[in-house]
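**Student:** Chains A and B, in that order, give the protein sequences.
Here the first sequence is numbered in my numbering, starting from 1 and rising by one per residue.
Here the second sequence is numbered in my numbering, starting from 1 and rising by one per residue.
Just so you know, the hints here were simulated from the structure itself, not pulled from any lab data.
Since we're looking at a predicted model, the values are computed, not measured.
From the three backbone atoms N, C-alpha and C, an ideal C-beta is built for every residue, glycine too.
Just to be clear, a hint being listed does not mean it is correct.
Listed next, the stretches of chain B that the computed footprint assigns to chain A, with coverage defined by at least 3 CB atoms under 8 Å from CB atoms of chain A [to be verified]: (1) 90-97; (2) 241-248; (3) 335-345.
DSS-like, lysine-lysine: derived pairs with alpha carbons at most 27 Å apart [said to hold, decoys possible]: (4) A:362 x B:348; (5) A:362 x B:168; (6) A:342 x A:142; (7) A:199 x B:348; (8) A:179 x B:348; (9) A:230 x A:33; (10) A:33 x B:168; (11) B:25 x A:356; (12) A:230 x A:342; (13) B:25 x B:38.
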Amino acid sequence: METDELIVNMGPVHPSTHGVLRFRLRMDGEIIKECTPVLGYLHRGTEKLGEMKTYLQFIPYTDRLDYVSAFPYNYAFVKAVEELAGIEVPLRAEYIRVITMELNRIVNHLVSIGSLLMDLGASTMMLWGFRERENALQLFEKLCGARMTFNYIKPGGVREDIPEGFIPQLNEFLKDMEKRIEDYEQLINSNEIFLMRMKNIGVISAEEAINYGMTGPTLRGSGVNYDLRKYEPYSIYRDLDFRACVRNEGDSYARYLVRIDEMKESLHILRQVVDTMPEAKIVSSAKYGIAPMTGAPSAVSTYFPRIFAPPAGEVYSRIEAPKGELGFYIISDGTTKPYRVKIRSPSFCNLTAIPKMVQGLKIPDLIAAFGTIDVVLGDVDR
Amino acid sequence: MGMIANAYELIIYILEFFGVYGPIKNIFQVLGIEFVLKIIIVLVEVGILFVFVLLTVMFLTWMERKVVAMVQARYGPMVTGPRGLLQPVMDGVKLIGKEDIIPEKADRWIFTLAPFIVFIPALLVFIPIPFGQSLIISDLRVGLLYIIAISAVSPVAILLAGWASNNKYSLMGAMRAVAQDISYTIPLALAAIAIVLFTGSLSTVDIVNAQSGTWFGIIPKWFIFLQPLGFILFLIASIAEMGRIPFDFQESESELVAGFFTEYSGMKFAMFFLAEYAHLFAVSGIVVTLFLGGWSFPILPFVPPMLVPLVSLGVFLVKTYAVIFFAMWLRDTVPRMRIDQLLNLGWKIMVPLALLNLLLAGFLITVWGAF
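Using the sequences plus the hints, can you model the full thing?
**Tutor:** Here it is, written out as structure tokens:
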């Protein structure tokens with residue numbers, strides 16, 4: 001029997017494309033013959049904006065790239081600027097940065113797993129994930145007054161020292177989270193339907209994953225032991241005891257398990273960081289001075305010069321963001337504004353593998369595979 | 001009381017009890033239009049059923065939200081009325097106020113007709129369900145067959161809705177729904193036939209009566225104990241037929257937007273919604289009737305005869321809501337399957353198991369008979 005091919009447009013307004021992504025699907029019945037992601041619906045010209053704004057003005061824009069996990073984006077940009085200008089960062093500031101980034105990794109994975117399960121039709125995990133995420137967001141709020149767009153990490157340190165009562169609340173969160181992850185595993189891992197939907201779906205081999213430039217949990221799910229925190233240690237990760245979580249199967253289930261494991265590792269890291277936190281309350285680089293702001297509640301509030309111009313040069317600096325390798329390539333011409341800012345965003349590179357992953361599968365598998373790629377559209381369309 | 005077979009006779013009994021049936025009947029007899037009285041009584045009982053089902057559906061939408069909220073550590077509706085009980089009313093008002101959109105390219109006639117074709121069988125299926133002793137609209141001799149046949153009408157309507165919408169998502173949702181319904185009606189019917197083997201009758205009242213009484217004075221004679229496998233198969237098949245998670249392909253919102261009712265809005269949308277919950281209630285009632293003893297309960301013989309219809313109605317509702325709660329609980333716990341996995345499960349696992357169950361039932365009856 002001859003059948004017509006059907007072109008289905010999934011998105012840009014579709015419940016499970018996590019924002020405004022559009023898939024153009026060439027379907028034979030329920031089988032996907034060809035899948036083409038169509039991007040650009042959330043393009044805000046962030047890279048171009050980088051050329052228009054001063055270094056300090058651009059930091060808030062990095063918050064809005066991946067709005068689910070903004071701290072690593074703050075950090076990645078600031079790290080590049082610090083490398084460009086050769087700024088030393090006090091140890092306590094690095095500790096605080098790692099706390100924020102690892103907390104944000106947990107938040108990111110909660111949202112990722114939650115929305116994956118939501119797409120599969122189990123809404124409970126989404127709500128449970130958001131319940132714990134709320135606790136983390138309250139910690140962020142306590143830290144810097146914002147819940148999602150922080151603008152907290154600054155060249156040379158962080159904006160303010162951690163407030164009183166932050167560490168006890170963090171400890172409580174860590175204790176609570178441990179039990180919650182067990183709950184998640186009980187709810188999801190042993191669920192036969194979940195396994196049926198996830199195993200051997202969206203398989204991508206290690207070689208293909210590397211060729212597509214995939215990074216982060218999506219790459220480690222294919223058995224490649226590549227974690228920038230280990231491979232090219234930055235900040236204080238060299239001194240911390242943790243492992244890169246790797247699974248060999250390369251399917252959706254493996255990628256999901258990597259995320260669960262990473263949450264546990266992040267808890268482990270956070271516990272170490274809290275225990276070994278330096279006492280000296282210096283959170284900003286000496287080069288840019290610690291000038292107490294008049295009338296400020298905290299004596300260690302930092303002051304950054306309004307005119308900040310790193311020397312001419314270029315730098316590429318990368319970190320392990322929750323979604324994968326995040327790099328900022330900055331060219332400076334010695335003025336207060338960067339000559340060029342290029343963002344190597346993990347979501348964009350990981351997304352390119354989707355057409356390969358779902359070839360010959362069905363629409364529900366596209367949902368399951370796409371959910372484990374974990375993209376945020378703000379990060380895809382810079 | 002034992003003489004009263006259905007709701008029609010029960011209404012007459014109540015009228016007689018208050019001494020008004022005779023005079024009313026006389027009036028109609030004098031006028032020579034006795035059949036009008038019959039029609040009026042039938043309309044009254046159907047009206048009571050209709051109102052009851054609609055109220056139940058409204059309650060179920062509230063209950064579903066509350067159960068989901070309970071599982072997901074939140075409150076659910078709380079603002080409208082005590083603990084949000086009036087939320088369904090507000091939803092209804094909202095839906096009535098919505099613009100009724102018919103897409104330009106849609107087949108107007110079929111598009112308008114489809115919601116009714118979905119909704120009417122969802123009501124008709126209640127006719128042979130015994131809500132309690134003598135609380136049944138009509139004890140059809142082919143009750144069970146009737147239920148299965150009426151349930152098979154809804155996929156046709158869903159296909160009509162999907163086709164008439166002229167929307168790819170709708171059509172795919174509708175095709176899935178039909179494939180699913182057809183493959184699950186078979187294990188459903190096979191599991192039900194095993195019960196018929198025990199009772200020797202398709203009448204729902206006979207099936208319930210066969211389950212009254214106890215073994216050894218403690219275990220109620222419910223078919224779930226004779227037919228545990230059949231019960232599980234029937235339950236899975238009915239959840240699949242209802243199209244609820246993990247089998248909600250007809251509307252799997254993350255894949256097909258809203259499936260076959262993507263293009264519907266306003267009251268037409270509400271009709272699908274009402275039909276879905278009416279169906280949930282009906283199917284749960286059927287599960288209770290077939291496997292959980294219907295309205296029968298070991299304490300019923302000790303209840304004063306006057307109160308038996310009321311108490312048995314209570315027993316039936318408690319059991320039905322237990323099944324409904326299970327379905328809601330399931331929905332909050334498990335993800336959705338994939339359509340081919342669902343069909344595999346239906347044809348390769350459920351149908352053979354249902355046949356095996358039938359064999360076991362036949363074997364059991366033969367051995368039982370030998371004693």
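**Student:** For every hint, state whether the structure bears it out.
**Tutor:** Now for the hints, and whether the structure bears them out:
1. 90-97: With 0 residues closer than 8 Å to chain A, the stretch 90-97 of chain B misses the three-residue bar; violated.
2. 241-248: holds (count 3)
3. 335-345: holds (count 7)
4. A:362 x B:348: Holds, because 20 Å separates the two Cα atoms, which is no more than 27 Å.
5. A:362 x B:168: 15 Å, holds
6. A:342 x A:142: 32 Å, violated
7. A:199 x B:348: 20 Å, holds
8. A:179 x B:348: Violated, at roughly 39 Å.
9. A:230 x A:33: 39 Å, violated
10. A:33 x B:168: 17 Å, holds
11. B:25 x A:356: 78 Å, violated
12. A:230 x A:342: Roughly 24 Å between the alpha carbons, so the hint for residue 230 of chain A and residue 342 of chain A holds.
13. B:25 x B:38: 10 Å, holds
The earlier numbered hints that this structure contradicts are 1, 6, 8, 9 and 11.
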